[in-house]
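Chemist: In case you want the letters, here they are:
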Amino acid sequence: MAEVAETRPRLSLAQLFTIFFKAGCGFGGGLGVLALLQEQLVTLRRILPDKELMTLWSIGRLMPSGTMTAVAFAVGYRLCGFIGTVVALIAMIIPGFICVVVLTIAYGYLAHGAVLEYIDATLLPAALGIVWISAIRLGKPLFRVSLDIAFAMVACLLLLVTHVNPAVMLLIGGFAGAILLRGPSEKKGPQEGTKR
Amino acid sequence: MSFGQLLLVIFTYNLLTFGNGSAVLALLQHRLVDDGVLGLNQFLYAYALGRVTPGQNNLYLASIGYMVSGWLGALGTIVAIQLPGYLVIPVLKGYERVRHQRSVQGFIRGLTAASVGLMFAVAFNIGQEALTGLVPWIVFVASLALVFLAKRGLLAGMVGAAILGLGLKFILSI
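Keeping their order, the protein sequence lines are chains A and B.
Once you know that position 46 of the first sequence is 46 in the numbering used here, the rest is easy, because the numbers rise by one and skip nothing.
Once you know that position 129 of the second sequence is 129 in the numbering used here, the rest is easy, because the numbers rise by one and skip nothing.
Each hint should be verified, as a subset may be incorrect.
As a list, the in silico EDC-like pairs of lysine to aspartate or glutamate whose alpha-carbon atoms are at most 16 Å apart [to be verified]:
| # | chain 1 | residue 1 | chain 2 | residue 2 |
| --- | --- | --- | --- | --- |
| 1 | B | Lys93 | A | Glu52 |
| 2 | A | Lys140 | A | Glu52 |
| 3 | B | Lys169 | A | Asp120 |
| 4 | A | Lys140 | A | Asp50 |
| 5 | B | Lys169 | A | Glu117 |
Since the hints were made in silico from the structure, they are not lab data.
Values in this document were obtained by computation on a predicted structure and should not be read as measured data.
Put together the whole structure using the sequences plus the hints.
Modeler: Right under this line is the structure:
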């Protein structure tokens, strides 16, 4: 990551913690977290180009951990070195971890009540909204007539129909891309534009 | 089941399935429920928590850890499932060295395109689970409207729409 280190944006550990803590408040699973992270890193603070975040997320999907864990490690390391990985991960996990453990302690009271049903009927659809927004924003560079969008559509359909392991599907997409999509995409991202 | 066994089971299953949530779930159900470590209701409750709490879905494993070994179990399981994520750092370092090769650029383009497809597939699947009635649909549309039309941030849009949904559920239940 030598090239990246040269252009590493200045960010304090406290700022890194704040970004990932906010992201960790996202509902809707990893994509909900990604949506908030994208808003913080790409839209508001312009620390990363969206294409770079999408690449990190794609590589993160191939890691044997939660995808967002790998993204937190990658972004934390890139922005603040090794300590950044620890700070980013802890910040991202705290909101969910506390909620999960508190609700587990309350198991006796909640297991047979309607509270979870209420949460399920309200928070999940609300989170779905930001999940769709995130998918649209991050997928935006692909929304043009190209082989890339064809790849995305085929992958989406296969995942919905065959329920194949997503990591396997991504690897197939990668290897097919190495054969059919050789070279950078036509629309260069800000970071790529500065490279040789 | 001892604390050490719990960590070993969760670490191994997570590693073997590449973090694939449903595959881990199936394996854990077999190991924990069928072997009598947890009741089915406890197991399903823990899984449900992963859906209704913030953060990644796999945080439900903290609930299982807590049920089996208390606070130590909750913390231990979370550490066990996160650690393999550090593999991403050497992978990215390797990627930086070869990212200018055409075949690598093609691989990343294909991987990214497939990831976008995956995101829409996941969003579609969540939609099938979440949009089960009028209130969820209203909440969903409200969250989009708050973000796009009212120009609220994502978190504000989500919380605002959820509060609207809670209000509607409450009114409809009277």
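Chemist: Each hint needs a verdict: does it hold in this structure or not?
Modeler: Checked hints:
A distance of roughly 14 Å separates the Cα atoms of Lys93/B and Glu52/A; the hinted pair therefore holds under the 16 Å criterion. Proximity of Lys140/A to Glu52/A is assessed by CA-CA distance (about 13 Å); at most 16 Å being required, the pair is judged to hold. The hinted pair formed by Lys169/B and Asp120/A meets the criterion: a straight-line CA distance of about 11 Å does not exceed 16 Å. Taking the CA atoms of Lys140/A and Asp50/A, the gap is about 9 Å. The hint holds against a cut of 16 Å.
Proposed proximity of Lys169/B and Glu117/A is supported: the alpha carbons are some 10 Å apart, at most 16 Å.
In this structure, every one of the numbered hints holds.
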